[in-house]
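A.B. asks: From first to last, the protein sequence lines stand for chains A and B. The first sequence lines up with residues 1 to 600 when you count with UniProt numbering. The second sequence lines up with residues 1 to 220 when you count with UniProt numbering.
Since the hints were derived computationally from the structure, they do not count as laboratory data. Predicted, not measured: the structure shown is a model, and the values here were computed from it. Hints are not guaranteed to be accurate.
Simulated crosslink set (BS3-like; lysine-lysine; CA at most 30 Å straight-line) [said to hold, decoys possible]:
#, chain 1, residue 1, chain 2, residue 2
1, A, Lys-189, A, Lys-276
2, B, Lys-175, A, Lys-433
3, B, Lys-109, A, Lys-424
4, A, Lys-424, A, Lys-583
5, A, Lys-196, B, Lys-104
6, A, Lys-192, B, Lys-178
7, B, Lys-178, A, Lys-196
8, A, Lys-424, B, Lys-180
9, A, Lys-433, B, Lys-178
10, B, Lys-178, A, Lys-189
11, A, Lys-192, B, Lys-175
12, B, Lys-175, A, Lys-189
13, A, Lys-189, B, Lys-31
14, B, Lys-175, A, Lys-196
15, A, Lys-424, A, Lys-508
This is what each chain is made of:
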Amino acid sequence: MGKDAARAEWDNPMQFVLACVSYAVGLGNVWRFPYLCQMHGGGGFLIPYLLMLVLLGVPLFYMELAIGQKMRLGSIGAWRAINPYLGGVGLASVVTSMYLCLYYNVINAWSFWYLFHSFQSILPWAECPVNSNLTGHVEECERATPTQYFFYRETLDISGSIEENGGIHMGQALCLLLAWMIVYLFIVKGVKSTGKVVYFTATFPYLVLIIYLIRGVTLHGSINGVKYMFTPKMEQLANPTTWINAATQIFFSLGLGFGSLIAFASYNQYNNNFEKQAIVVSMVNSSTSIFASIVTFSIYGFKATFNYESCLERVRLLLLNTFDLAEDTISLENVIHWIAELNRTHPEQFTSLGGRLETCDLEAELDTAVEGTGLAFIVYSEAIKNMPVSQLWSVLYFIMLLLLGMGSMLGNVIAVITPLSDLKFISRYMSTKTLNGLVCLFCLLLGLGFTTRSGNYWFTMFNDYGATFSLLFIVLIEVITVCYIYGIKRFEKDVEDMLGHRLNCYWKIMLAGVSPILLIALFIFYIVNYIQGGTPTYQAWNKELGKSVVTEYPPYAQAFIGLLLASSVCCIPLTALYTYCKKRNLASGKRERTVSTVSA
Amino acid sequence: MLVWILFLLCQVGAPALAQDLCQRDAPNGYKVRISLKTALGEDAYEWNQSEMFFFQATMAFAMRRHFQMETYNVDNIILCVQTSRVSFWFVVTSPDNTTMLIPKADVEKAVRMSRHRINNAFLLSDRTLEFLGIYPTLAAPVNPDTPPWLIVFGVVIGAVCVGIIALLISSLLQKRRKEKGMTEDGQDEEDMQVKGVENGINLDGTYNRGFTDDDRFTKL
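Next comes chain B alone, as it looks inside the complex:
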């Protein structure tokens, strides 16, 4: 009889004890916040007791993975203070002694280790499944050997160099061709250089050197 009464008390007391362990702002607990509509929009699933059980199972898995020796179970993860935001507090009890809580630091290490798995289990991300107090590690920046901008720069400056050299060489060749043309007929050079302009029309005549004023000042 006494044993039966004690058993009943344990059944009633255990959850009450659990409630004492898990409360808002518990020293060894974490607040979890879930934003289903932000993450999934139309495909958001409903957050119900089954999902809560899934969360307990995932956390137990994370604890097992981190510690590797002890056997955690869903009963070791105690949840409380649920709100319609979908946020709640949880604490983790030790599998050997259900009144003893695992310290905050160890829980954090376990969560950090399996964060990616926990996120994927719920189809959420670091931003939509928040453990308040555990900051996600940001992705390391990708540092390529040559910065990409230098590659584009190299291409453009190469093209410009080629353009400048081509222009300079073409004008050099043009000058050489003109010089060769000149040595054949020395008269042409002076005739070609001057084009008379009259009323805006280019005249292609030859310059009549009879009227050049060679001697502006007649010598005395």
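Extracted from the complex, chain A is given alone in its bound form:
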């Protein structure tokens, strides 16, 4: 009797949509998109971004959902069903997702650490700690800023370079354990538990973003940031990097190629209308990016204005103290005027000020564009500490980061677990709960490596190289497979079977023509960039200087980068070769058997 137990399913289509939204709307929307917007000409960046969404993002998203829903299997099984030689595509997706699982939860661990430390009367990153003999502040903190000190020294206890290993940071390890336990709690019963969790992880971040938007625009100076962001600099559109970054951002923001979308869609009912859902999720993802960047820029504007005014205050005090003028002669508005005045009237005394006189520039403050963990944990926490009732805003902010991160983590883990649980030899010997527990435990133990003193450098390596290049390759092979090897006609028939109507020309043109061309262009660009870039480098934190220094990777680290890239990409040709050999052996074996019966 060859029937299996019925596959688990989402309770209703809304759970599926929310799961996709929760997965796609992640930390990248908050910390990568605003940076790109700022780098590539503010409001003008929206043009390449939205264009790439239409040409690249939505069609590929649609394709992955279609495959998952049709095949009703995780990525390995689905691609093997499409073409036995290309089962390696699914395997490559699983390997890449595994790398992502390992390092992504470390970000959640940091968010937990910051969240727990927000429950104090003075936020620990607001002031420098005093040194041992109570005469001043700790030196490293004086050279850097308190927020940087808290992140690099107290949170990470970072070493000077990737070669200097240290022990595990116990606080980080505990937070990572908690993060993995929560992930297990969310997935322990499969889609039944995940389906309920995504109601919360998909919607609550929007609530926090709205609260932050209201708080952000009412802060003093926020309008400077928003104005700066939205002033379009159209000349940036002529720069090819703008278009490439727009395409890359759409690509990674939607989470294509990891196998998560295939896994989610495999739990759908056969006739679910994924076409509408694909468009809805992509639109929601992009609008969230734009919304989050408004919030980010109002916070930036507040922080820049605060720093600018603090700078002016320091200059004002310096002038008052050096020239012994009464306190109310110089105010913040006429500091600049007074500098010129004093330079004219007391030139020798003015030159004695020398280097202590800072130049305060609002534009320069706004120009300091940061992305990634630096934005989330350093720049944002610096802005938060200056807000009134900073503990409340800090707690809200880190809860939002946690929900965004956890939502994406769910997708990552399900992308690994679904194909594994589809494999017969695993599903026969262990239940889903045991499999889930083992995967979480395995990732936790390996992830402890990222909590060591040099862990942040390995984290950056995984973040920059673990998933970027391999994904482009995987999705390129996916599109070519579906459109040309499987055939766009067969795909069309499958979609008609599921949805009841044929593919209209938009999907056909995009999937068969435009998207592959764009992907190939991106792919070539990455290779050229990598070759031209020379030795890969990273930012090492220098204790003495109190800032990050560009350092080259040592040879063994470079070899490891190569291994990261090769391990996922090689799955495709190796699996094809293995399948070919197996088929040839099977064919020759059958021939031998038939020969023997005839002869007998």
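Place chain B on chain A using the hints.
C.D. replies: Quick look at chain B alone, frame taken from chain A:
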């Protein structure tokens, strides 16, 4: 007559002598800087001669408190080089010999000892009443026995553990209940497991095993 002339000279000379002792960058003197508007804003009082006298009195008090034996007086605190910033220099003379200055180190110790009292006398703080060269000692950090973050962490991880155990136990109980239900009627198990799906609608019928393909390949 001579005594009267000498007396007059002393009266004139004493302040002149005092001026020689107290000057800008005096080796045994300190510069004081006061920021009233920053500290008090609208409630700032005016800095006048009475306030200067109050300062002399406070410093005399600080010296008395530190040395405890000698009797300092307001005349022993000499002020000079006043500016509109509100900053001035001061030196401290010994009560026994008005031409001798108390060394800088001793003055510093006296100020450090009574810094809090001096600040409060003028409604100011370490930052707004500055003795240039005397750095305020910073408050010692409060080190609680258990760091507060660990407490919050303990609460959250406890809740998560309880959640996981509850879910595992509930599914275990569900499985046991199903097994008990099965032993009563062995047929139900196979019927319940398969739900036909047709056109997206779940059919709750029973599976007709007449059409199961038990033997996909007929045995020869």
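A.B. asks: Hint by hint, say whether it matches the structure.
C.D. replies: Outcome of the hint check:
Straight-line distance between C-alpha atoms of Lys-189 (chain A) and Lys-276 (chain A) comes to about 28 Å, which keeps the hinted pair within the 30 Å bound. Distance restraint check for Lys-175 (chain B) and Lys-433 (chain A): the Cα-Cα separation of roughly 13 Å lies within the 30 Å cut-off, and the hinted pair is therefore satisfied. Using a Cα cut-off of 30 Å, the hinted pair Lys-109 (chain B) and Lys-424 (chain A) is violated, with the two alpha carbons roughly 82 Å apart. Taken as a hint, the Lys-424 (chain A) and Lys-583 (chain A) pair is honoured in the structure, with Cα atoms around 20 Å apart against an allowance of 30 Å.
Restraint check for Lys-196 (chain A) and Lys-104 (chain B): not satisfied, since their Cα atoms lie roughly 73 Å apart, outside the 30 Å limit. Proximity of Lys-192 (chain A) to Lys-178 (chain B) is assessed by CA-CA distance (about 18 Å); at most 30 Å being required, the pair is judged to hold. As the CA atoms of Lys-178 (chain B) and Lys-196 (chain A) are separated by approximately 23 Å, the hinted pair is consistent with the 30 Å bound. With a C-alpha separation of about 28 Å, the suggested pair Lys-424 (chain A) and Lys-180 (chain B) falls inside the 30 Å cut-off, and the hint holds.
For a cut-off of 30 Å, the pair hint linking Lys-433 (chain A) to Lys-178 (chain B) stands: about 18 Å separates their Cα positions. The straight-line distance between the Cα atoms of Lys-178 (chain B) and Lys-189 (chain A) is roughly 17 Å, inside the 30 Å bound, and the hint therefore holds. Between the alpha carbons of Lys-192 (chain A) and Lys-175 (chain B) the distance comes to roughly 16 Å, so the proposed pair stays at or under 30 Å and holds. Our distance criterion of 30 Å between C-alpha atoms is met by Lys-175 (chain B) and Lys-189 (chain A), whose separation comes to about 13 Å.
Restraint check for Lys-189 (chain A) and Lys-31 (chain B): the C-alpha separation of about 73 Å exceeds 30 Å, so the hint is violated. Under the criterion of a C-alpha separation no larger than 30 Å, the hint pairing Lys-175 (chain B) with Lys-196 (chain A) is consistent with the structure, at around 21 Å. For the given pair, Lys-424 (chain A) sits about 35 Å from Lys-508 (chain A) by alpha-carbon distance, which is inconsistent with the 30 Å threshold.
When each numbered hint is compared with the structure, violations occur for hints 3, 5, 13 and 15.
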